[in-house]
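Enquirer: Single-letter residue listing:
Number of protein chains: 2
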Amino acid sequence: MACRSRLTPLIRRAAAPGLLRSATAANSVPCAARCISSTAARHFRGSALRRAKFTTDTYPEIKRDERFSHITAEHVAFFKGILGKESAILDGVTAEVSGDDMEPYNMDWMRKYQGHCKLVLKPGSTEEVSKILKYCNDNMLAVVPQGGNTGLVGGSVPVFDEIVINTSRMNQIRFFDDVSGVLVVDAGVVLEVADQFLAEKGYIFPLDLGAKGSCHIGGNVAANAGGLRLLRYGSLHGNVLGIEAVLPDGTIVDDLSRLRKNNTGYDLKQLFIGGEGTIGMVTAVSIHCPQRSKAMNVAFLGADSFEKIQQAFREAKIQLGEILSAFELMDSYSQNLVHTVRQNKRPLEGEYPFYCLIETSGSNSEHDAEKLGNFLEDVMSKEIIADGVLAENETQIKSLWAQREGIPECLGHWGGVYKYDLSIPLGDLYKLVDETRKRIEDAGLKGDTDDFPVVDVVGYGHMGDQNLHLNIAVRRYDKRVEEVLEPFVYEWTGKVNGSISAEHGLGIAKKNYIGYSRSETMVGLMKQIKNLYDPNGIMNPYKYI
Amino acid sequence: MACRSRLTPLIRRAAAPGLLRSATAANSVPCAARCISSTAARHFRGSALRRAKFTTDTYPEIKRDERFSHITAEHVAFFKGILGKESAILDGVTAEVSGDDMEPYNMDWMRKYQGHCKLVLKPGSTEEVSKILKYCNDNMLAVVPQGGNTGLVGGSVPVFDEIVINTSRMNQIRFFDDVSGVLVVDAGVVLEVADQFLAEKGYIFPLDLGAKGSCHIGGNVAANAGGLRLLRYGSLHGNVLGIEAVLPDGTIVDDLSRLRKNNTGYDLKQLFIGGEGTIGMVTAVSIHCPQRSKAMNVAFLGADSFEKIQQAFREAKIQLGEILSAFELMDSYSQNLVHTVRQNKRPLEGEYPFYCLIETSGSNSEHDAEKLGNFLEDVMSKEIIADGVLAENETQIKSLWAQREGIPECLGHWGGVYKYDLSIPLGDLYKLVDETRKRIEDAGLKGDTDDFPVVDVVGYGHMGDQNLHLNIAVRRYDKRVEEVLEPFVYEWTGKVNGSISAEHGLGIAKKNYIGYSRSETMVGLMKQIKNLYDPNGIMNPYKYI
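Protein sequence lines, in the order shown, are assigned to chains A and B.
Taking this note's numbering, the leading residue of the first sequence gets 1, the next gets one more, and so forth.
Taking this note's numbering, the leading residue of the second sequence gets 1001, the next gets one more, and so forth.
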């Protein structure tokens, strides 16, 4: 595709390989929460100042619920009887297990949360999950359902000695229909595995996120993961056709419909989507997969104000319509930090207060290129966009995406990041970043030297979904910074009727803040559901609501 | 758009005006359940043999739940106090009300179900709904939430003397955001009104169905209406962003989020989508609306087998991808009956066992026409499709759509129709029609003269959604026909893991058949939810589960 005359040509850059996503599929589109395997994460974080504290130290106010039993040798023997083989159990109760072996189950990949779990169970079937949960419920043993453990809010790791029930051995693709695009998988199937399977059939998984290489689909569904394809393909609430789950009393919720339409009663599966394993454990998922697009184009644009970015978004929806597959926002602060860390050449020659990345996916490359070209000429002639580049090949596409995806990693360069994942009505979306920056500056916390904890306050995110990632890059975690940020950010978000968790969920991180996004009535109704399904409270305790 | 050389040119036909949909919007795409206003429906059905029986006569086994109070003058006085004005109440308890005035609330538009209601309340606000429901709950007065009353399963009309709470006075568009496409409406806003409002802004309501001129959005959501845009825009479970509803105890469920992403707790609103007013009454809806497509193209194709139709569908998904907006199936039997009733010229010169209607919607007319043209050439050169026509203008588009949409009305020509709305895995989808026809023939029930009750057995539907409408056109309702059809149709559907109600819901029509699509466990879990929210059972009793 030729660059338009009014656009700056893209200069091909060799970005650091580690910062490029492993684009196994042509139009893979990772999310802000870049996946790094546990080992890689440890290595990455090893250079930072963050230490792996126990969650019980970070949150000393959380006390172990003494209704829960302590795990005994008898319990372990029972589980061994169910699971049969040694490899399905990691037993730190009756045997010695090294910390290294237990750590991947006790700690999240960001090394922010760490539990005291001593028993990991890896069932191989839904029936095994049912037996395990029934026994745990009968014996008041608390559990944590766990998939790939790639969450960002501590939802998939224990706090105290909860038993981890890990889905890694439930990893079969059960069914695929080549005509309807319906896929049925075990909860433990890795997202990228499913997507590669689908790619061979000409289909695409309607969810994509940075953690695709290690996250489990059951976990994605339990967390109601969002990611970038949401703009195009919608949320899991619409795409998931059926769920198989196990309730704490062992009941198997056999709601694994393969049908796109099924109006026979309450849509109970929806409670498990985004339920974060607090009312039951998802063991299989049926999902409607769309046709994979043959063509992908990416443009990177600079604009003089957030208002102009909003205009560009409106025009993109009108002019690109059905082929628009991503519209990502980045502010200059985020791009400056990426540049500082990587020392790479910027995509555009000039610098602008705001940037956006636009991706199109369609079935005809020429048509898409023409639409995108026309759109770019239009928004530049109307001076909505100040400058822009179009990627000419797959390498350049990756390179442009790296400017957006690289943000989370680059922000971590100085030591740590305070991360907020917010939904905010579009008109107000960037105001919060400006106001937060001003508060941090007014408090004298931001500066260029080690005397100041804060490096910068940046905003980026899935603009097409009103989803802002407000990030504060710091040299160290500092109570003074926290006091400036919280509850301010949550209060501000609550005032504009935003969501304090757009796509990351509640977990332990946001359990106490739900009141900023939900009324007392709603929280009360949610607790009613929790009590209905999990009256003993054994499912993923100390979290969510 | 020029017809391709290998395609039969479309001969412009003047279809009977009454059979053309009133296409107020360029790409309005009605569903099988064609909307007719109450008066029109009566007129239409007046020529048929169907009589308006009381539901209590059709289902003598249903007994009035004696826990419910009978409405007294005191109750009526209370409601008058809440609602203030006369026009908000239709009071057949303490005053005389003509049968004609009460009929639209007591009877569905198909005149299949009729209740004995004597009190209709039309609240003007959510608060009024809350006061009404709380009072009803406290006084054990059963209620039926009612929107436009366009359902097909008797879900929105009373059986005995339940109080109708009608949403017609709650008809304000509350909010629209031109950038995000988020629309918030009262439950009583008519679908077409909302869609016309959106059309002016360049947006489209992500749901369309034949009843759009009279159905209420609150009712659409309560019924989880499907329709034709589902193939393109997905289901209401994905598009509805928020709901305001009132529980029987008067609690206002204030879950009216305007955000595309909001991962803060259980997604309770989903229980009201498709809940058919059995756990609460929807009073407002927030919904994500997509960009309206500027271009629409329609093709009508003939094929020699159902296998070839499936191949055409697969190719359409691949080649038309993001612009495919409808793929509708019609068998020769349905088209023959349309032709017999209308005596119109058929779209294709030859006759084929199967037909499909393909619609595309996109942002660039030329691109779309090229894609569709290439697709048609391809499927004809591969002999997947035997013949086809492309519409060249809006009139021809309407005319082709009339071949599909006209089916339900034409089938009613002889007196009545047994209608089944089923989801069936694609490979098996048409087998049921063949088997049903054979059973009817074997029983000696089908023939060309008045001696035979059955005119024909036809299949059509939303192929793209695996949604079959199996219809049996009859000269009269006949117990022998019913015995051949039921439980056979439901058993067959259950055996292939289909759904006995794809998009019409359960209502009273399918309450007793849910077991064919849902396990005892699932039905038990649903009853648990019903009991949780409506322990007195006052919400829309005698229906659903």
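If you're looking for bench data, these hints aren't it; they were derived computationally from the structure.
Mixed in with the good hints there might be a few duds.
One side only, chain A facing chain B, incomplete, derived with CB under 7 Å [stated by the list, open to error]:
#1 Val76
#2 Ile89
#3 Gly238
#4 Glu322
#5 Gln466
#6 Asn467
#7 Val496
#8 Ser499
#9 Leu525
#10 Lys527
#11 Asn531
#12 Asn536
#13 Ile545
Where is the CB? At the ideal position from N, CA and C, for every residue including glycine.
Enquirer: Evaluate each hint against the coordinates.
Expert: Here is what the structure says about each hint:
1. Val76: violated (30 Å)
2. Ile89: violated (29 Å)
3. Gly238: Constraint on glycine 238 (chain A) satisfied, holds at 2 Å.
4. Glu322: This hint holds: glutamate 322 (chain A) lies near chain B, its Cβ roughly 4 Å from the closest one there, short of 7 Å.
5. Gln466: holds (6 Å)
6. Asn467: holds (5 Å)
7. Val496: This hint is violated: valine 496 (chain A) lies away from chain B, its Cβ roughly 10 Å from the closest one there, beyond 7 Å.
8. Ser499: holds (4 Å)
9. Leu525: holds (6 Å)
10. Lys527: Since the shortest Cβ distance to chain B is 9 Å, the answer is violated.
11. Asn531: Hint violated; asparagine 531 (chain A) Cβ to chain B Cβ min 10 Å, cut 7 Å.
12. Asn536: violated (16 Å)
13. Ile545: Result: holds, 6 Å to nearest chain B Cβ.
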